[in-house]
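**Q** Letter by letter, the chains look like this.
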Amino acid sequence: MNSLSDFVLVSAMLFGIGIYGLVTKKNALRLLFAVEIIINAANINFVAFSQFLQTNALGQTFVLFSIALAAAETAVILSIVVVAYRLHKDVDVSELKSLRG
Amino acid sequence: MADAIFLAMMVVTVGGAIVALEAEEIVYGAIGLAVSLFGVAALFFLLNAPYVGVFQITVYVGAVAVLILFTVMLVKEEKWKKEVASRSATKLLGILLGIVVVFAFALAVIGSNFSGETTLNNPSGFLQIGQLISTSYAPVLLVLALVLAASVVGALTLSSQEKQEVGN
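Chains A and B supply the protein sequences, listed in that same order. Heads up: the first sequence runs through residues 1 to 101, numbered per this note's numbering. Heads up: the second sequence runs through residues 102 to 269, numbered per this note's numbering.
One or more of the hints may lead you astray.
Below, computed lysine-lysine pairings styled on DSBU-like, alpha-carbon distance capped at 30 Å [to be verified]:
(1) A/K89 to B/K192
(2) A/K97 to B/K192
(3) A/K97 to A/K26
It is worth saying that the hints were derived from the structure and are not from the lab.
In isolation and in its complexed conformation, chain A is listed as follows (with noise of 0.2 Å):
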């Protein structure tokens, strides 16, 4: 049988890969990526510890709604993207200077 120590394992590999990827990629893209990868990160471990430690369905219940705001997210960083690529003919976020506060 899995424990939940196998899953909150496989959450952690998955947050130091979207970790690794935050810090050294420059394209907006891959950044985006790295976020996904983050937030899938910690919704496997909210519903690992949900399913494990709990006996009704909260886990879940917040899953779906971090889901949902995840999509949001995709489309908004995702129509950026487009239009950042559309003024500046490039997606590597060093270059994107007049996007800086």
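Fit chain B to the given chain A structure using the hints.
**A** Leaving out everything else, chain B in the frame of chain A:
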């Protein structure tokens, strides 16, 4: 110990994530991300949470991954090719940071007193999810609907702007 299906899905999930970040062509990266998200859905099924798993497949694999693929193909291809490799010092730092994070989590999990838990306490919980969403968390659902509507409007506004020159 973990069983074979779990190990296979773990390989699919983690491997897909690595491909997503390290594939030469970003189209393959997008496909790798879709595979990884599919593996996460399989993990949800193994956790006896089929509703979340199906939701993950429809929303992530069905909508988000396809949206990303469209965006990747919309942008001219040479632009992805010239993707600059980050400096090797940065890369080393990133790998180191990832490994440190994984080991910190692993040590915390192995040292905790729940790590041996193997029984799934929960039924699949369709009924409970429905009750929670439509009673205690109904306001959250409404706010989420507003957020989704706002994000759609924002995306449309951004992408329908006339082409304007911006000094670089």
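**Q** Give a verdict on every hint.
**A** Evaluated hints:
{"no.": "1", "hint": "A/K89 to B/K192", "result": "26 Å, holds"}
{"no.": "2", "hint": "A/K97 to B/K192", "result": "23 Å, holds"}
{"no.": "3", "hint": "A/K97 to A/K26", "result": "13 Å, holds"}
When each numbered hint is compared with the structure, no violation occurs for any of them.
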